[in-house]
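Put the two chains together into one complex, using the hints given.
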Amino acid sequence: MKVRVDAATCQGHGRCYALAPDVFESDDHGHCMVIDAELTPEQEAAARAGADNCPEDAITLTDD
Amino acid sequence: MDVQPDTDPAMVLFSPDAADEPHKPYRHLLEQCPVARSDNGSISGAAGASVLISRFEDLNWALKHPEFISSEDAVAIGNDRPLIPLQIDPPEHAKYRRLLDPEFSPKKMAALEPDFRVLVNQVIDQFLDRGECDFHEDFATPLPSTFFLRLTALPLSDLPVFLQWRDNIIRPDVEPGDFDAAAEIRAATGKEIYAYFERALDDRTAQRDHGLLSRLLDAEIEGHSLTREELLDICYLLIIAGLDTVTATLDCMIHFLARHPDERRRLVEDPTLSPVVVEELMRFETPVMVTARTVKQDVTLGDVELRAGDNVTLVLGAGNIDAEEFREPETVDFDRGRNRHLAFGAGPHRCLGSHLARLEVRVALEEWHRRIPDYRIPDGAEFHFSPGIRQTDTLPLVFGSG
Ligand code: HEM
Ligand code: SF4
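Quick mapping for you: the protein sequence lines, in order, are chains E and Z.
In this text, residue positions in the first sequence follow my numbering: the first is 1014, and each later residue adds one.
In this text, residue positions in the second sequence follow my numbering: the first is 11, and each later residue adds one.
Hints were generated in silico from the structure; no laboratory data involved.
Treat the hints with care, as some may be off.
As the list claims (entries may be wrong) - Across the chosen pairs, the derived CB separations fall in these ranges:
1. E:Arg1017 <-> Z:Arg108: 52 to 62 Å
2. E:Ala1058 <-> Z:Thr341: 38 to 48 Å
3. E:Ala1058 <-> Z:Ala163: 42 to 52 Å
4. Z:Asp213 <-> E:Met1014: 53 to 63 Å
5. Z:Arg348 <-> E:Met1014: 15 to 25 Å
6. Z:Arg380 <-> E:Ile1048: 26 to 36 Å
7. Z:Asp30 <-> E:Asp1076: 23 to 33 Å
8. Z:Arg348 <-> E:Asp1077: 41 to 51 Å
9. Z:Arg108 <-> E:Leu1074: 25 to 35 Å
What the hints assert, rightly or not - Reference listing, derived: stretches of chain Z covered by chain E, where coverage requires no fewer than 3 residues with Cβ under 8 Å from a Cβ of chain E:
10. 170-180
11. 350-361
Glycine residues also receive a C-beta, built at the ideal position from the N, C-alpha and C atoms.
Chain Z extracted, bound-state conformation (with noise of 0.2 Å):
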């Protein structure tokens, strides 16, 4: 259906407070408007009309048609070119994941499994005696960024900064709706990370680590090496999706726990379920809310006709609790046998860093609820989720029952 400007359901969707308890909008969008297309422009405020794609079957066809559906020309986030691999189509794409894939690969993430968990342990022990964290700020933030930062051998000293580009590209501190401001934050910020990785890849020139960035300038596709261009690609693309989204998952899943100890205690009693717990709670929160597309050629979907350029966004929350597909959607059910959950992506651009990111989302909840079995939020505290990405500013946890 066509949409009116008062009830545009892309303002709903990303509303200041939406993200908080976001299967309000995501049910309202489902029963509503599951393919709503309206002419008021799109919420990052590039023109052309802009549509929302809310059920399981329509995102899981989405996601896999870029031939329709593209995520070639969707992001504007400080970048002068395209991202390596989200902003290219197949089958260009293919030859990046094929370079990509296997640094990121089951097996290898396995083998970082032990000195990932003796870390959260380190993160744990410097507030552990204090009875109390704040801890989005103490834990979720430091710990994947540290991995990350030990996975690439760039130094923890550039942590900072790395933080601070990450909150200027993702949620820039200006005015909402603010759109000029925004974009002059992320221009400004996106020349401040390509210097930066052109002189990280300057000094792997001249000498080797053991980390990624001189493992990708040793790579080749078809026998060429990578330019220089589409090794900052990447690195752009790695320091952004790399950095925030664990922090916000582990937000989500602590915050979710910390009021449901009926959930937590099963995970407490028994840490074989910690596997189905990530799964189900990646389902339940799903902590990136959407993703962006643009529509390539014409095509139908629900009813609606969508028209080239229009600006799409990609409810993945929203199919995250569509009946159609999971039975009692609204139920966290840690024995819900099949599910399908779209929280990392489906079809070629499938999140590249979803076997990294398992592994650190659940060796973290394995540690935290081994050594912190019982915590809550104090009463009166006050937090906020930010939209698209959901993180919380600040998470205060008290330990211990009572």
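Next comes chain E alone, as it looks inside the complex (with noise of 0.2 Å):
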């Protein structure tokens, strides 16, 4: 499973790398980065529960 950050619509609510630190990152003006997109299958709960939780809908999942 890949996941993927969509930078113009992320507005920093920092609520997908306070739910997933493994997953996303934060960079200096609080906006998300993703670690890695490739992840592995124990760190899907976590990418998810951090995709449902972004206000701006800026994270999607994607199965390949």
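Here's what the structure looks like:
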């Protein structure tokens, strides 16, 4: 599974990296950066929690 | 739907006791008139029709489409010019946020945590032995404002003046509905705030200190320093937005936890729950009930035609208990997985101070419950929440069980 953040949509709420610090991290502005787009199976649940809680719908998960 | 004067939802929402139990008027709005337009003028006394927007989905749309629903002309709180960044629309808005965001980033804020934790304990030390306190007066008010003055490196001795200004601006002491008197107090207070920051900026122009104002003096946008007016318009907003909101949030949360011992026990027994408790109570309590906008271009929302110039109230608190978005919205559920609440807004104007606020509220709850796990509101205590930004006038607590 892959994770992607749309930088233009992200407003820096910081919900994603608070919930899934192994998947997302904050840049100096508080906006989200994906640590590694390729998720390990252990990371998937956390990545989904981050995506679910993003108020801007900036995070997408894809199967491939 | 169009509404009649006597059932004007704005009147219901801003009635003196609505903020004590805001879910009632929120439900009414969500069920009866999720987009309510009335020609009776706005709740602030401004001319023109007023619109209340209450559904999660509509709020989310409005917050993210400033080209239709703009904050440019929306707030008059004694300021001479638009507040920065609140009353600047994109794309201009982004250049100010690029400069301010790093000052309030999660990484910067995390570095402040140890210092803040010490402060929380010092504040608790002041009243712990008494076995009781006025939570609003003794804890929720001094804590965030002291910390804010440290961040800005302004003298702590100025705190009483700041608190007086804050009250004059946010809840001026006038007869309900006397908009002229309120505007007069705000204008006079506004002059004092500008004069204060003129002096503070002069001092730091002469000699830099380690605080936020000095860093703003050295900051650049596209190769230019900020003008004196821009600096003042940023300071003005920060002092209003930074002093009041965290106080209100602490009041709301402790009021809830004092009356819900089961939820409180979960937090006491498992302090690692605190981030989730903060998010869920932000949603359920929504300390900042509403925010203001005006319509910039005609647009239809939920069958209602909004006209350019209409005054809009975004009822964030109603959106946060909308069953279309939140499963069992009336239940406080710390195990709620998905929680995209709007308590800090959304879209470009997403609260600049949200990472600071989250840190303050979380650490305050952790230290309070570590040291004072049992407390209650004494029988017969009289207090009220103020509408708009929901803080109490007084919140008496006694410590210990029984
Ligand atoms: C728990 C406490 C807080 C709550 C509930 C809160 C709530 C909000 C909300 C709802 C907005 C969006 C307003 C709108 O879209 O019209 C906002 C914006 C803002 N807040 Fe906060 N706030 C809090 C704490 C703070 C603090 C501590 C600061 C100071 C650093 C702050 C500074 C700001 C600023 C500057 C904006 C405008 C941002 C912009 O327009 O780009 N807030 N806040
Ligand atoms: S939660 Fe969404 S908006 Fe917030 S930082 Fe993460 S991606 Fe960006």
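* Among all the numbered hints in the text so far, which are the ones the structure does not match? -> Those not satisfied are hints 1, 2, 7, 8, 10.
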